[in-house]
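S.K.: Here's the letter readout for the chains.
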Amino acid sequence: MSEAQVKLLGERREFPSLLAVDGVKVSYGAIQALKGVTLKVGKGEVVALIGANGAGKTSTLRAVSGMLKPVGGRITFGGEDTTGAKAHTLVPRGMAHAPEGRGIFPNLTVLENLELGAYLRNDAEGIAADMEKSYTLFPRLKDRRKQLAGTLSGGEQQMLAIARALLSRPKLLLLDEPSLGLAPQVTETIFRNLKDVNASGVSILLVEQNAHLALNFAHYGYVLETGEVVMAGPGKALLDSPEIRKAYLGE
Amino acid sequence: MSGPLLEAVGVSIQFGGLKALSDFNLAIHKGDLQGLIGPNGAGKTTAFNVLTGVYRPTQGEVRVAGQRVNGWLPHQINHLGLARTFQNIRLFRALTALDNVKVACRAQGSLNPEGVGLGVKFRGALSNYRDWWRALMLTPGFQAEERDLTEQAERLLEVMGLSHRRNEEARNLPYGEQRRLEIARALGTRPKVLLLDEPAAGMNTREKADLMVLIRKLRDDFNLGILVIEHDMKLVMGICEKITVLDHGETIARGAPAEVRNDRKVIEAYLGDSYLESQGGAA
Amino acid sequence: AGCEKKSQPTPSGEGAQGGQAAQPATTGGAPADSNTILLGEVGSLTGAQATFGVSTRNGIDLAIKEANAAGGVKGKKIAVRVYDNQSKPEEAAQATTRLITQDKVVLILGEVASSNSLAMAEKAQSAGVPMITPSSTNPSVTEKGDYIFRVCFIDPFQGFVMAKFARENLKAEQVAILQDNKSAYSIGLTDVFQRKFTEMGGKITTLESYSQGDTDFRAQLTAIKKTKPQAIYVPGYYNDVGIIARQARELGLTVPLMGGDGWDSEKLFELAGNALDGSYFSNHYSPENPEPRVQKFIADYKAAYGSVPDAMAALGYDAAKVAIAALEKAKDLSGPAIRDAIGQTKDFPGVAGTITLDKNRNAVKSAAILKIGDGKTQFVTTINP
Amino acid sequence: MAQLLQHLINGIAAGTIYALVALGYTMVYGVLKLINFAHGDVMMVGVYMGYSTAFLLGRQAQSTPWGVLVIFLVAMGGCALMGFLIERFAYRPLRDKPRLTALITAIGISFALSYGFQLDIGFLPGSAPRAFPQIIKPAQWFTVGDPEFPDVVLWNWQVISLMLAVGLMVGLQYLVYRTRFGRAMRAVSFDHRVAALMGIPTDRVISLTFMIGSALAAGAGLLYAIKDTSVSPLMGLYVGLKAFVAAVIGGIGNVPGAMVGGLLLGLVEEFVVGYAASTWRDAVAFGFLILVLLVRPGGLFGRVAAEKV
Amino acid sequence: MDTAAAVSSKPGNPSSMVPASLRGILPVLVALPVLLLVEWLLSDSPFAVYLLSIMGVNVILAVSLNIVNGMTGQFSIGHAGFMAVGAYLSGVTSLALKDVAISFLPVAVSDQVFLLAALLVGGIAAAIAGFLVGLPSLRLRGDYLAIVTLGFGEIIRVAVTNTEAFGRALGLSGIPQTSSVAMVGFWVFMVVLVARRIAGSSHGRSLWAIREDEVAAEAMGVNTTGYKVRAFVISSFFAGVAGALFAHFVPIINPGSFTFVKSMEVVVMVVLGGLGSTTGAIVAAVFLTLLPEGLRSAFAAFGSGGSLAQQVDQIRMPVYGLLLVVLMLSRPQGLFGTRELWEVIPRWIPRRRKGM
Ligand SMILES: Nc1ncnc2c1ncn2[C@@H]1O[C@H](COP(=O)(O)OP(=O)(O)OP(=O)(O)O)[C@@H](O)[C@H]1O
Ligand SMILES: Nc1ncnc2c1ncn2[C@@H]1O[C@H](COP(=O)(O)OP(=O)(O)OP(=O)(O)O)[C@@H](O)[C@H]1O
Ligand SMILES: [Mg+2]
Ligand SMILES: [Mg+2]
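These protein sequences, in sequence, are chains L, V, U, A and C. Here the first sequence is numbered in the working numbering, starting from 1 and rising by one per residue. Here the second sequence is numbered in the working numbering, starting from 1001 and rising by one per residue. Here the third sequence is numbered in the working numbering, starting from 2001 and rising by one per residue. Here the fourth sequence is numbered in the working numbering, starting from 3001 and rising by one per residue. Here the fifth sequence is numbered in the working numbering, starting from 4001 and rising by one per residue.
Honestly, the hints are just simulated from the structure, not real lab data. Note that the structure is predicted; figures quoted are calculated from it, not measured. The beta carbon of each residue, even a glycine, is placed where N, CA and C say it ideally should be. Just so you know, nobody snuck in bad clues.
Subject to a maximum C-alpha distance of 27 Å in a straight line, what follows is the list of computed DSS-like cross-link-like pairs (lysine-lysine):
1. 246/L x 1234/V
2. 142/L x 1265/V
3. 2076/U x 2331/U
4. 2077/U x 2329/U
5. 3137/A x 2267/U
Counterexamples of contact, computed for chain V against chain L with all Cβ distances above 10 Å:
6. 1004
7. 1009
8. 1030
9. 1060
10. 1066
11. 1072
12. 1093
13. 1096
14. 1123
15. 1137
16. 1152
17. 1158
18. 1159
19. 1167
20. 1250
Please model the complete structure; the sequences and the hints are all you need to start from.
M.R.: Here you go:
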């Protein structure tokens, strides 16, 4: 679908380009989940992706991180064409993805899960430092270091997933519903921490059901409907749009 | 009988060194709509698991409809009228929406005598095999029963607004609808008490608002006692009459939403200061 | 015993109903043209007993080639259709049925393993197609009916032969037995040996078992060793026996081993090294037999297949020869005619002994006792029935 | 008494082989959750490779230390390659499909190998067993009683096999639990898609695991052939099955479990044959398995995965 | 009226013209004459009879295993064990009754009566064994359950091998060859009917639910252990009948026919057909039974002379193995996935129509 049908609100702040998704299509067998999604994430930018259930948010993230092979379109990351590249080849280039459903390794301990996040890194000291940092972000994880991740509570697992993604020192962090199942306080903490993470130069592509939270946090937002981008604009502008308020904020 | 339909008395459970739930007390009566909240890892889901028989309490007693059910199997407890949904959706993914509900309906329809003792067991086994036999022979009674089931299940789908999905496989439903299907399925077992584990997770604000209306309606129409775990305070505070707050397995507060909301301990452990602020602003 | 009562009426009953359903009714496959006589063979070409199946097949093949070279039978060439049964009775039954009804063979050459031959015999008997088994030694095979023959001696005889030899020639008093629990053949020999040897005043110190295909026999051998036998009877197949012998020596068990025709294979010596030196087994034939027909057979076989024929090959050869002779003699190629012709086989000069079929359709033959030494067998003695 | 000692030695020697084969089983199961039914047949092929190498080396060279090394390397390398190919073409395409489908291809490969090697065409060996050359010259390292006709014997290769098995077990355990590769293996085993998100090259990890497993199979097979002095196309079938049982007894996926399971199974079988009825050996072995599983549903060392509801 | 449509849209149910009280047995009434006709038509081609019989036995095995492996999601690989129980016990029964006949009936009919009795003996004995094997499923999951079923199968085999009454390694021979195409067909028909009716009933749904998520099924009031055991019992009953039929047409049985390789063959049929699909199991069983025979015919074209022609019959098995791999790779979901034939075929034929 062409750009023409996307309703654009407001002006986008300029960021140096990092990720560009151009007309990407994804299908699961007969089901076409993405019908041509186009979006951009700049260096240091936080971009939110909102949309109803089944709109294709998760599929977009999967296509970007290489978990899925798009059937059409182009993805460029850090200046290189990464369309259809395997997930593990994207990690060294600075991509980290905390997937939907958390994807923790249930029979490994919390510590081992975190170590896997730093799988490709060789700087023992850097890793140790980052590990400490994640413990300050999520003190709960420190207490449960030796516990098998599968027995963590839902919220703890979510923390683990985010902390693990950060340990690869990514340029771009893909987060799929990070607030899912988290206590309000924790959600708040996480978003506060994500701000810091972003401030340190990491770009974030965020999928969130809580549109309020997400759009407040993001520089720019896209609205996805049945596999297509239907609206885009700076976070605040979207928040103010009556359509969004009606459809996603229940007002 | 006006005693509580579901009762937990001094229930504790321990995993290795970790006390996930300690001295947990709860009573749910007909028509109650209660909330169970607390920080992540507080033991809320564990409490559900103990109540429904997935875990066996290390201490204390669980009573359903006046029966002590410690050590019973989940399906037996379910037959006494306790149904639940799961935090991580656990639908029968390859079955259609309708069949998901019918599975639950059936189980209640052919209830066997519960209890211990050889006689009961034997009669149970006999009636089981007779039941299979009826299915194999397609007896008229059996056919009528099947029609009945379908009707029941369809009614439930309608109540949950899922009729248009009846023949779709559960795994192909959007998340929000899966959540509702789980509730429909739980209702299929004709429970007296319904336990909902984070029913609004993954829903957007509007869907949450709809869900609130729905939960209230269920309580009224089906005459249920309902216990909800939820992290969305708007939902919990909005619909629950009584809220229990857990932290580290301990009950740190209990009372009406207004009381709980202003409880210092609850704010510290769970809500956080900014919650108060946002409440001030939004509500 | 009298178990034919019920199986008899079936074919004749059907025959009555369908009139002459035999020849022209069905079309099935490309029937052998009128210039060839088609025989059928079912063998274990894969599976646990495959090596015997292959030997048998080679023996039969050789006999057929010779016959064809000499002008065939009744002026026609002979061909054999061979089916594999994977060493399983149901496959044997299926293949036999196929041979009979699809390929329309006039005669079937059977199996080594008795359980497979039994399955074949059931089918051949009820279809009225004659069958000759080269080397199934279990008595029950030919009891299946009057169309089933064999060109080898039977288990009771072979068990008796070895018991007699052990008691009289070796003067053994105490013998242990190690049997293959998975093979009816081995159990058959064991039962007879045990009975006869005890009757002759000997003592069986212990009876241990293994399963075909096992490769570690140390547990059994250790248990046997404790009983201090003067010899061990191992009525198994050579592929197991070779390994058993080595392990026995390795454990310090130095008494002679004794066995049956299942031992007979060139490969035995390769497997056993010299661990079997001084051991004995009973066999259908001895390759040392100076008779020209035997030596010619050995030479031809070597030329064709590159190895010394073992007993299975010799018996396969004999079975085919008996079959060919009967075909020649039979007044026509109908089942009953061939059956009668085979039944009259008398003093037939086989490479594995002179064959005379008794009224139970079993070959009455003497057995050779062979001794092993230096990777060779030496003829020791013949024991007559 | 002497007899008891001998049974003990036999049982441990037999168990060692089960354990070695089980190690490979467990490795593969560990990452792929696939019961690799072709494992025993891969082992068989490995033994034939070793056999041909020994044959080519000739009688003299094959039993020198270098000869033995070459034989092992050829067999293990050949099997690693074969494992790679099998994984690449028969299992990988099915990785995201229901688990049972890969099991069927495993069965197919098992059939193809075990029946294929019974053929007598080209390089295929035919169904008859062959004597495996004594590449390790047997020597009695310990005897009780008259050394000529000893009551109890312990052979050099029995000790060597056991030491190798224990060494391999320790090495594997180290590999799986102490190295980065091991961590990657374990991650892949739980969810290879998420593992890829960690930057783990999952295909390579799985291939490598397969290659290690197959090489182990070849090594185990050679020791087995040395112990029982023969090689045949069907040898993989039952050893494979028994090794699988051993792995399950120990808790499948668990490295020390495979070792202990193998030794226990070897001993149980030995003592059933030695002191009870030898005809019931297999039944007792499986009965033992069932008993263990009823008492500990995840095997001796295994943990039934904690599933949090 | 919506519900009526739901009922009649379920395939496999006879049309609603039939009075409800008759629906249960109607298919049987229709099938019996058909089977007898087939029997009569085939009366003089024993090979076709043999092939059909072995095919039928395999179909019964596959469809019955599908109840446990496909519908319930348990992983049983010991089916040959149940088959053995049925085969041996019915064989012993028939041998004992060999010379008895019901005097007022024609011989053929009397034979069939005795056969039926023997089949029931075999089936029930196997069902009891199935109950025993089903019990560990209370505690065991997945591959652990699988190896236990395999173990039971092997134990049964060893027990048979050591029992004098069962003929030890030689097996039982001389079992009357009373099996007929009609009888085999009847049981094929029965097992399919039972499988379909279970699948279409609430019991079937409970089994599916267990397959999908045991914890959730239990929480929804499904007595998972009870259902699993019952699935085992029904499945092994039919395996026992299949074994009993097998014993009456081969007609010799020995322990070598019931090894775990046989069990694996049945598993292959079920998976290849599509786990949970009854018609898939049928098609796969028929196909895999005919495959080796077909290869045999194909290879027979090489003629019957020469050593290559003699080798070809051995090439069958490795080719069979490779074909399995290829088949699985090309249809990983099995032939029909979890669907049934009539749900699949419409998808294959009118490809176009959907778009319009
Ligand atoms: N593995 C899958 N197989 C088949 N269809 C799928 C699969 N995953 C997603 N889909 C379908 O693709 C579409 C887009 O799904 P996606 O998960 O990307 O949506 P989403 O926006 O993330 O929704 P949610 O808010 O529910 O997470 C939906 O219709 C969904 O049903
Ligand atoms: N089977 C188990 N084994 C060990 N620990 C467990 C097990 N189940 C739960 N726990 C522990 O018990 C604690 C309570 O877990 P629970 O799932 O009840 O939390 P929760 O209150 O539901 O949290 P959330 O809101 O995040 O879902 C957690 O710390 C968890 O790690
Ligand atoms: Mg999503
Ligand atoms: Mg929870």
